[in-house]
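S.K.: Got chain A sorted already, so can you dock chain B onto it with the hints?
Residue numbers (the working numbering), protein chains in the order written: chain A, 1151 to 1559; chain B, 252 to 539.
Simulated from the structure, these hints should not be mistaken for laboratory data. Any given hint could turn out to be false.
With beta-carbon atoms standing in for the labels, derived distance ranges [to be verified]:
(1) B:A496 x A:G1527: 24 to 34 Å
(2) B:F325 x A:V1355: 48 to 58 Å
(3) A:K1228 x B:K351: 36 to 46 Å
(4) B:A496 x A:I1244: 53 to 63 Å
Over 10 Å on every C-beta distance to chain B, these chain A residues come out as not near it, computed from the model [stated by the list, open to error]:
(5) Q1177
(6) N1198
(7) P1219
(8) Y1223
(9) V1237
(10) F1303
(11) R1434
(12) P1511
(13) L1547
Backbone N, C-alpha and C fix where the C-beta goes; we use that ideal spot for every residue, glycine too.
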Amino acid sequence: MKTAAISSILLLFFGVRVFLYYQNQPQFTEGQLVSFKTELHSEPKISNRQSLSANLGNRRILIITSSWPQYHYRDSLKISGKLESRVLKDRTKIFVLFFPKIEKQNSNNFLGVIVKVRQKFIAIFNKTLPSNYSALLLGITFGIKEKMTDDFFNELRITGVLHVIAASGMNVTLFGGFISAIFSFFLKRQLALFFSIFGILIYVVLAGFEASIIRAAIMGILAFSAQILGRQRLSSYGLILAGYFMVLLSPDTIFDIGFQLSFVATAGLLYIRPIFYSSESIKRILGNSLVGEDIATTISAQAATLPILLANFGIYSIWSIVVNALVLWTVPILMIIGGVGGVLGLFFDLAGKSVIFLSLPFILYFEKIIGVFSNFGGILKIENLSWQIVSGYYLLLGVVVYKLKNFKI
Amino acid sequence: MKKYSGVFILILVFLGGIIFYQHSRFNDNKLHIVFCDVGQGDGIFIRTPSNKNFIIDAGPDDKIIGCLENHMPFWERNISIAFLSHPHLDHFAGFNYVIKRYNLISFASEDLNNKSASFQGLLSQLNDKKLKIQHLISGDSFKIKDGTRLSVLAPTKDFIDKTSPNGQIGENGEFASLIVLLSYGSFRAVFTGDSQASELKQAISDNSIQGTKILEVPHHGSKTGLRPEILDRLRPDYAIISVGAHNRYGHPNKFTLDLLNEFGIKTLNTSKNGDIEIISDGKNFKIR
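Isolated chain B (complex conformation):
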């Protein structure tokens, strides 16, 4: 029997070692933003200095899971808020997998529906978990005790009514998508989902965007997302494009890349760089 208890203690020591290692690696009192390499789609993970977890979109499949696992300790399963920028498959399908493995404390999106079987399937899964979708609109914001703040810059109700009068999201052309500003100390990052230039331009008229360091290039770098006046106002240090290699839409578009180049903005791309992690202490930031 002595042998078995010895082995048992050894296991506990190893387990303790693993927990200690992960604890010191992931709980460093800094803000972490990860643009996950989810292929053609968006999936962003945010971990605040006090270890609160947020997701903005979950990509088209289960690739988001591996990314989440690599950026938080294995015993943590709470996601404070899961944001869905807009109900398109390449942004929401991954939530089907996230729901099975993580406890979503709340789920937030814009007030738009999608009749497709896959989205209705997701809604019914959220319903099974007794999660109600919080509908967000420009002006809403979430403040976390550690000083992190998530503010919704767009869409406005008018914009939704104009682009989707029937409450259903369009497949092409202009449709509304959440634009979220993350701020911590003097650090700012803007997440744009699949928004179009007109929505983004309106969203950044607010002064809270001063000092934006990181800009997610809208709609996987499509032609219709950026305009010179947007970059002129935001002046980000880095632009991040979440895109799959060899996608059938030709994203990212050359016009957009040239424009970013013209403004001297460094560009990173998930299809080339893999998961892109940005770490900030509220003043400076670095990219890993």
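The shape of chain A in the complex, shown without the other chains:
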């Protein structure tokens, strides 16, 4: 009764917020002259021209400008120009500004330092590893998107491991799980948890304080503290409330794929993963094998995120679960090598490079696995996923999870 009352109040509040948010969005039309300030949320793409992606109100727009001066991630720009509308390859309509007037604004000092540090990371990684490898490691470690070759990107996509290069709750959870395992080797449970959370917070700073990473970190912390403390109910409430406030703060978040993936993957870890551990025999097998824990983690996260991955990435391989099970164990190790190497490299170039070199065997292994499996075929190609199928899938998943939970082998 009490829960129901609280839920309805929260939902009502949410409804009002969403209504007001979309009510107050300015409208834009083609040919309109606009002048606005924006911050770049990604590194511009440079060829002989430079294309920036920016936000105008709650819309994403494209800005085409000359290749010099170069703009960077987190630059704060004042842009004025005339909106033109274009249709992209995937048939979505988008507003484009061609060669508008761009003035660079001073960004604040704290962010300025973070941006400098991130650029230094990129420079160190790029000067140490081949381009595809450095892009992969930068993606895994800091969620930084650097250009990789189309072939390599497609291999990641087809085999269903593209999520490792996005800053998602999954990476943070794997990272947290790994360092907490190391810490609990030496320390008491609570202390290990404390240090692990501290580790994740350092990671958030290194990864540039991006909204998506902060969200992922909050949800990741919830998921793995539940694993350590064994208090599942508490983390479920925590996850729901965290998700609720994130969406309340900025209703557009709900359309963000990173948010959807983090939320659903974390929910998967909370509800589906324990099923593997409800039986003593399975538990023993998982505990003894090298990749057992990762298989459990992967299957849980994959089962929960499948429709989102299908709807957003289109191509999906039936080998995806196998590939994830084979490569996911390298992710926390690569994150630590990347993080330590990057930070060392800020001060001692050679020391940083030497640490980053240690990632090579893992990355080569990673590359070989996805290379082999991307040629295996078995690709499910799905153009359109109707909402009926998606909700049917989640309903079924819910029932299966509920049934299995009360079922002891």
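M.R.: Chain B only, in chain A's frame:
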């Protein structure tokens, strides 16, 4: 703890294996020339028998990077000299990416400017790295201890003054472009950039071109690059065309292809053959 140190040693062993493999693959004491498949543009990588790296042009985008990575060990990041044949986008834009990943020890080009924002951008990046452009002129040459020699055959100062009196490179018609002769033992290769027939003809009047095995066809195989008298004098075994598939200029031109055919010169094309690698021990050479 034992488990972790075991894993660490295993990583080091693997890393050692990778280094050993790449070392034996790339450091074979031979001269390597790679015409990189950079699409419509030029990008050439040269690795000498003593493992010194050179680039002549870097193509229109970042495709050059993949080519460099495939032809030198991953830990090597020094490029002794980066040559830019002439300041046109399809030859210099790739340097924006090369600069970020490799240490250029020096940068050399002809004494011509290009007012475009992209070229000024490259200049300012070179400036940030404290690299000054060495201006080359016909007669300059670089000698490496292992016996490799890079000689600049063109342009002459007169030619630059005649074709670009204002010091700016033209977009069409006649403009100056570096022509570089690479020699190692009795092996010779000529790199021509976007030079035109008149400049090339003048450049090869020198006797050092005797025994040219490899000729880069000027200007992506355009109509204005080759003349019968040029081929008659050079008599290369192979002609290499660096060109993108279905480019809007119609390169390579049929006239040029027919001419090469007439002289019985085997022709390779980056848009069809991909990266073209030539390996020489100073006497013989093979193509991979």
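S.K.: Are there hints from earlier that the structure breaks, and if so, what are their numbers?
M.R.: Hints 2, 3, 4, 6, 7 and 12 contradicted; others consistent.
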